[in-house]
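2 protein chains.
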Amino acid sequence: MSLDSVYEEVLLKAKKAKEASKLLAAVNSETKNKALRSAATAIIENKEYILKENEKDVKMLRMTLGEVPLIDRLLLNQERLGEMANSLVELSNLPDPVGEVIEGWTTRHGLEILKVRVPFGVIGIIYEARPNVTSDVAGIAIKSGNAVVLKGGQEAINSNIAIVKVMRKAISDFLPEESIQIIENTSREAVKAMLGLQDYIDIIVPRGSANFIRYVRENSKIPVIETGAGNNHIFVNYDADFDMAIKIIINAKVQRPTVCNAVRKVLVHNKIARSFIPLLVKSLEKYKVRIKGCPKTIEIAQDIEEAKEEDWYEEYMDLTLAIKVVDSMEEAIEHINKYGTKHSEAIITSNIEDAKLFTKLVDASTVYVNASTRFTDGNQFGFGAEVGISTQKLHARGPMGLRELTTTKYVVYGNGQIRD
Amino acid sequence: MSLDSVYEEVLLKAKKAKEASKLLAAVNSETKNKALRSAATAIIENKEYILKENEKDVKMLRMTLGEVPLIDRLLLNQERLGEMANSLVELSNLPDPVGEVIEGWTTRHGLEILKVRVPFGVIGIIYEARPNVTSDVAGIAIKSGNAVVLKGGQEAINSNIAIVKVMRKAISDFLPEESIQIIENTSREAVKAMLGLQDYIDIIVPRGSANFIRYVRENSKIPVIETGAGNNHIFVNYDADFDMAIKIIINAKVQRPTVCNAVRKVLVHNKIARSFIPLLVKSLEKYKVRIKGCPKTIEIAQDIEEAKEEDWYEEYMDLTLAIKVVDSMEEAIEHINKYGTKHSEAIITSNIEDAKLFTKLVDASTVYVNASTRFTDGNQFGFGAEVGISTQKLHARGPMGLRELTTTKYVVYGNGQIRD
Chain V
1 MSLDSVYEEV
11 LLKAKKAKEA
21 SKLLAAVNSE
31 TKNKALRSAA
41 TAIIENKEYI
51 LKENEKDVKM
61 LRMTLGEVPL
71 IDRLLLNQER
81 LGEMANSLVE
91 LSNLPDPVGE
101 VIEGWTTRHG
111 LEILKVRVPF
121 GVIGIIYEAR
131 PNVTSDVAGI
141 AIKSGNAVVL
151 KGGQEAINSN
161 IAIVKVMRKA
171 ISDFLPEESI
181 QIIENTSREA
191 VKAMLGLQDY
201 IDIIVPRGSA
211 NFIRYVRENS
221 KIPVIETGAG
231 NNHIFVNYDA
241 DFDMAIKIII
251 NAKVQRPTVC
261 NAVRKVLVHN
271 KIARSFIPLL
281 VKSLEKYKVR
291 IKGCPKTIEI
301 AQDIEEAKEE
311 DWYEEYMDLT
321 LAIKVVDSME
331 EAIEHINKYG
341 TKHSEAIITS
351 NIEDAKLFTK
361 LVDASTVYVN
371 ASTRFTDGNQ
381 FGFGAEVGIS
391 TQKLHARGPM
401 GLRELTTTKY
411 VVYGNGQIRD
Chain C
1 MSLDSVYEEV
11 LLKAKKAKEA
21 SKLLAAVNSE
31 TKNKALRSAA
41 TAIIENKEYI
51 LKENEKDVKM
61 LRMTLGEVPL
71 IDRLLLNQER
81 LGEMANSLVE
91 LSNLPDPVGE
101 VIEGWTTRHG
111 LEILKVRVPF
121 GVIGIIYEAR
131 PNVTSDVAGI
141 AIKSGNAVVL
151 KGGQEAINSN
161 IAIVKVMRKA
171 ISDFLPEESI
181 QIIENTSREA
191 VKAMLGLQDY
201 IDIIVPRGSA
211 NFIRYVRENS
221 KIPVIETGAG
231 NNHIFVNYDA
241 DFDMAIKIII
251 NAKVQRPTVC
261 NAVRKVLVHN
271 KIARSFIPLL
281 VKSLEKYKVR
291 IKGCPKTIEI
301 AQDIEEAKEE
311 DWYEEYMDLT
321 LAIKVVDSME
331 EAIEHINKYG
341 TKHSEAIITS
351 NIEDAKLFTK
361 LVDASTVYVN
371 ASTRFTDGNQ
381 FGFGAEVGIS
391 TQKLHARGPM
401 GLRELTTTKY
411 VVYGNGQIRD
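If you read the sequences in order, they're chains V and C. Read the first sequence against the numbering used here and you will find it ends at 420, with the numbers running on by one and no gaps. Read the second sequence against the numbering used here and you will find it ends at 420, with the numbers running on by one and no gaps.
Hint data in this document are derived by calculation from the structure and do not stem from the laboratory. From a predicted model like this one, the values you see are computed outputs, not experimental measurements. What you were told as hints is all true, and nothing was included just to trick you.
In silico DSS-like cross-links for lysine-lysine, where the CA-CA straight-line distance does not exceed 25 angstroms:
(1) V:Lys282 / V:Lys308
(2) C:Lys296 / C:Lys338
(3) V:Lys22 / C:Lys356
(4) V:Lys16 / V:Lys221
(5) V:Lys115 / C:Lys115
(6) V:Lys115 / C:Lys360
(7) V:Lys338 / C:Lys15
(8) C:Lys115 / V:Lys360
(9) C:Lys296 / C:Lys271
(10) C:Lys18 / C:Lys34
Listing some non-contacts, in silico: residues in chain C with all C-beta distances to chain V over 10 angstroms:
(11) Leu11
(12) Glu67
(13) Val89
(14) Asn158
(15) Glu178
(16) Asn211
(17) Asn270
(18) Ser283
(19) Lys296
(20) Glu314
For every residue, glycine included, the Cβ atom is placed at its ideal position computed from N, Cα and C.
Hey, can you work out the whole structure from these sequences and the hints?
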């Protein structure tokens, strides 16, 4: 396909999305909810078609890369389609963010100022393998009154096209079907074309590797909300409940080691290092966790690989975990703020003062006291679904749901006021 | 000065600001308020010094450009210093945004989630002639727990350095004086250096011409909150109160024609065009407003210059105003959404239905019903002061005060929860 035709496809779809967004912004909640429920039903009713298209993708991936973990991310089945449909139904049951009056006041001139939540317009999202992102993001976009331009990965292209086809047909009785657009060309040129369309796309959310996200940030003419990596820490304080700490670390490390809210590093207070680390290492070994450690950790637990300087920066995408002994909570906080990626950080402690100070001084989207980092997730937070997890500070931070796809507008009522 | 030394200055000051920001984030409200009041007092006490430095700037500008309107923007006097001090006192009386719990809920696992307002860290602001921006922005930054790197224009450099010097000394009993940094090199190279320091500066707010803001957006590695131009409209509906409409248009056009919240275009409903336009033109002529018009306007009022296509895009920075007759409110809205800059838009009408529809469908930071556009201003909104007026949709829209210089953090309390 020529560069021109790539650009043509992206431009045409972005324009259609912009047109649809004008209608979508004024649609009432009940109509949007009906469309979402209709899309949920359609996904279940068209499961054979979607699964057949998904099979093509899986087959192709297996042929090219063999039996890789990516296949599990790509694979759809009846259960996963059910979850996708459920997310859409859950979204239909959530309050509509559009039109929410966030605050309001009357000025000394008697002007009544309302700060009202309104849609962005068109959301552009660039993502990878998981096909459920397609229905989740399309659903969140519709509910928040936005049109969406979806750009998924080549490995999931047949699945994504099928899901969008089914959803567009299902919503068309209630909303413009052009509200959901999918870019069928999955090349880097298509991404580049999207990033230049600031007149038609209002914000871009990139999901993927740190390198890819940097590329988007540096090349986009459209404002970007970045999602990021999760080099997450759990700090075990001197007064931690050992059972709780071990249970939480196992959950955060083992349950799904490739996701961004898994734990990658454990920091242990020096006072309890000699008693806690051997217990932790024994528990982790049952789950075949590969442990690395600082010199002090190695001295205590032996037979452990040494963690090098670059290890402390790394977001292990497998069952590796590094342990470091720290002399104080302050040292833990400093370490986290230096090496962390500002995603999810936790302290296990039983005293309020340290809990409060830790949550205050650790710079991250989500800071936990006595809970697993795995909860940093739109669904777990109660948002129905999520667009991604923002690790930057502008506009949105943490899991992004409906509200994060809205902006605000001031509406001011007067009766002839002029400025003096 | 060599490029290296420009970069050195900017880097050193940004680093100092980052260090100071860590302390500033944890300072309590009363301490910040004392620092602000101390800075207000110091500005008054050091008025001779500041006015003397300001005189140097004014003299230089007069020598190079002659008697230009810019001089009025640059000029300080006792009254203006009083206003600057007042803004700082007002800020000290406003609630502290830091630590505000915006929302909170308990999940089905019993996790308690709090969404807490926290400072960004370091704010970078790049602005032009008006020296009051220096104290306003430094004050807002401090109150919101942020350090600030100020980069003002060459024409105000002596004034800005003097104000910062006085403020730094005044806050030093309460806060790190390094919280306020001013870049003394005012070249474009200094701007470029700032835009690359994403490790030390958290957000950049550019103020100035559309070209300059585009330059910043396209060259910044730091997230940018754009402020923008004000090609603002007042739409006079068929049922408008003529006296009110004329009073509001005169205020919005004449009071201060160079500011961004002044009106540039008036749209008149066809039904009242023949009766209203002659009255409006007569009133505007008293204030020496230069009127341009669409063909229909010219037919009605005669002796009026024709507005060309490019006129409808232009943000007149003088006493020029263009008038256009429209057949319906829908046409007015379409015109505004096509030619406007999404700053401030107004309707003069007496029926609720049109008022509601207009505020809903016009895409702008602030939409007025029966009031002057001149109220789009942090001070008029009750924010004490403002960092600028955002005309983009990400993070902040409209006048930016204390809250707009904060981000959020999720703090999650559990008692051992793991994800199932």
